[in-house]
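Following the hints, position chain B against chain A.
Listed below are the residues making up each chain.
Number of protein chains: 2
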Amino acid sequence: MDSTAMIAEMATAARAASRSLARMSSVEKSAGLNAVAGAIRTSADAILAANALDLEAGKARGLSSAMLDRLLLTPERLEGVAAAVEAVAVLRDPVGLVIDEVIRPNGLVMSRVRVPLGVVGIIYESRPNVTADAAALCMKSGNAVILRGGSEAVHSNRAIHAAIAEGLNAAGIDPAAIQLVPDQDRALVGAMLAAHGLIDIIIPRGGKALVERVQNDARVPVLAHLDGICHTYVDKAADPEKAKAIAVNAKMRRTGICGAMETLLIDRDFSEAADVIKALADTGCELRGSAEVVALEPRAKAATDDDWGTEYLDTICAVKLVDGVDDAMAHIAKHGSDHTDAIITEDVATAEAFLSGVDSAIVMHNASTQFADGGEFGLGAEIGIATGRLHARGPVALEGLTTYKWVVRGTGQIRP
Amino acid sequence: MDSTAMIAEMATAARAASRSLARMSSVEKSAGLNAVAGAIRTSADAILAANALDLEAGKARGLSSAMLDRLLLTPERLEGVAAAVEAVAVLRDPVGLVIDEVIRPNGLVMSRVRVPLGVVGIIYESRPNVTADAAALCMKSGNAVILRGGSEAVHSNRAIHAAIAEGLNAAGIDPAAIQLVPDQDRALVGAMLAAHGLIDIIIPRGGKALVERVQNDARVPVLAHLDGICHTYVDKAADPEKAKAIAVNAKMRRTGICGAMETLLIDRDFSEAADVIKALADTGCELRGSAEVVALEPRAKAATDDDWGTEYLDTICAVKLVDGVDDAMAHIAKHGSDHTDAIITEDVATAEAFLSGVDSAIVMHNASTQFADGGEFGLGAEIGIATGRLHARGPVALEGLTTYKWVVRGTGQIRP
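These protein sequence lines are chains A and B, in that order.
This note's numbering numbers the first residue of the first sequence as 1 and each following residue consecutively.
This note's numbering numbers the first residue of the second sequence as 417 and each following residue consecutively.
Okay, chain A solo, but in the shape it has when bound (with noise of 0.2 Å):
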């Protein structure tokens, strides 16, 4: 069978799954999870057999230290696997929320009600925990969905499949709600970018090169973001004390996840512009700056243009020295990539004007960048973070998971 046809009969039992997990009550949806959470425990020895044979794979393949770790599950990890599917249960389900709802003046009722979006197609790399907690998500928000890990985890992706699968069996739903891409080819990756109108929604999770390709090749609409290019701006009624630990927070506590402050950008006027990039330099964190920052600081090395515009996600932080809040949106605006930028200021008509100005999927006063993320957000789990404008942005959850439809509900009402 040639990708195009295999992707088609996949979401076409996926569209028939859709269809009846749409109908499942909550309970039914969250029974099913729980018997994934529990297929999961009972393939433990399955699993980390698999998982042994990809982590081998990927040595042989002289995979970085890092990835090796990505992909690694331990007996701790995988329960944590299936502990997070049974937290997914728990959450409030979005599907029959009524969104508003008006009585008109000839008495007919118009409700929206949260329904499921349908077929989610999942891209992913390295992490087979992804597997488990982008199914769980797309279940309990009443959709099926369509899975498609990295080679590199293959072993992994299966056998937890294979536990999902027997869960589902258990509780009485059609497997092809979570079903799993069969194999490698990367032709099937085209096939599901390009299937409108068979796959509803297709997010990507992994690195920088895989988002790139989904967003430039995808014919079916993407939830992404391509990259987390954070900016603190310290504006110059700032507290000098938050100033310094929100920058060394956002930047430091940990460097590679999306929401890490990449740009620092002090007010000219901020009469401790120098602290608060010594305290930064003091975490040993190179800073590349403008000319005015080497000239305060010597431990900065003068930035080049590129730098604007780098998602370092280490140990690096861009830092320039700018006019005002408007000079920083500008800024933010030119170099920008739509994530997460933060302000700090205690002039609260400064931190309005810096809230609506900027035109990013989060925007933050007095707090650290790093809180970007949708359990901070109390969302439960994410699905991950959007800097598209449509549907949904910033954090993505359950919610993100659904649209909505008019019921109109009347007497028997014709339009005159």
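Calculated from the structure, these hints are not laboratory results.
Note that the structure is predicted; figures quoted are calculated from it, not measured.
Do not rely on the hints blindly, as some may be mistaken.
Claimed, not checked - Going by beta-carbon spacing under 7 Å, a handful of chain A positions derived as facing chain B:
(1) Val102
(2) Asp200
(3) Ala245
(4) Thr403
(5) Gln413
Cβ coordinates follow ideal geometry from the N, Cα and C atoms, glycine included.
This is chain B only, laid out in the frame that chain A set:
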């Protein structure tokens, strides 16, 4: 300048204008819209003269009388165009509305706030009033808009756009907020459809060929519906009087609108099926029915398979007997267009099964599908009806032209 460069230049100017529109107050935007309405009134002579040129050219090209009527502006119609702009001015501004808000245990306040989409592209045909209607809805929702009208209305569109520009100018608003693609080269449509990242959404307004081209070729998200193959299902527990009145209204009130019923499904067990069919035939509607329908109603012709998937937009109706609500839903899933589908029944459980089981943008109980219209839903003016699954579904008005951002307000929080 080539097409791509021209659209890029227009979109870049539109983006800049959209940033200032996004920060404008409701009062400022309303003042701008009222100035636009005023300028349309004072430019009436020029607009009507331009319209006469289009009509003359249309007659010379042999346009149908229906097409010419769509093109025609009279002093009364033009006053309607100006009044419609003023009606949009007084609608509630969606920008800045807080969708939801949560205070986290660490004191961070996370709010989702409505913001404009950014730059909207409208590609339309025939009706020159779209130039003003669509521009007003986009501006009220804080978006810049790039309009591309049909060649048959080129003089009218230019004259209306000149009045709009005059109004914007009088109100001190960047004229790049509402731009009209200056020439009719078809390559410019292609350039708009390809302007991923420059134009945030494209809304086609016109016939099926236009919508189909836009949906097939666009790399920019599209908000539209291709077909309105709307069904009314008359259940065995229907009230016969409601069934007759709704079937006649849904089909015959106006046959040319997308919410008009195209297929009538009747439960085989409904004792008064023949009466409903007769009521519809008595209006002069041509019926194309399954064999049982032809047996019940001698005026009905035999339907072919194509009839179940045809949007007649005419005094023609496909009619079929089905085995209850499940069979009706299966028919709709196979032949429907996800637009608007209704059930007529006095049985609440059957009604709810239909409302949750039919996966269309609008589902109705005991009401005419002709209510599928933003005004009837209380949304004010609509920019269109969408049958896609993402972002906005059903009648799309001001809210559908917005997205949201997350605004996080802190007091110095860092992430542990």
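Evaluation of the provided hints:
Below 7 Å, beta-carbon pairs count as interface contacts, and valine 102(A) has one with chain B at about 5 Å; its hint therefore holds. Given hint, aspartate 200(A) at the interface with chain B, holds; its Cβ is 5 Å from that chain's nearest Cβ, closer than 7 Å. Here the hint on alanine 245(A) is kept, as its CB sits about 5 Å from the closest CB of chain B, short of 7 Å. At about 5 Å, the closest approach between the beta carbon of threonine 403(A) and any beta carbon in chain B falls short of 7 Å, and the interface hint on this residue holds.
Annotation: glutamine 413(A) was flagged as interfacial toward chain B, and the flag holds, the nearest CB pair being 5 Å apart, inside 7 Å.
Of the numbered hints listed earlier, not one is contradicted by the structure.
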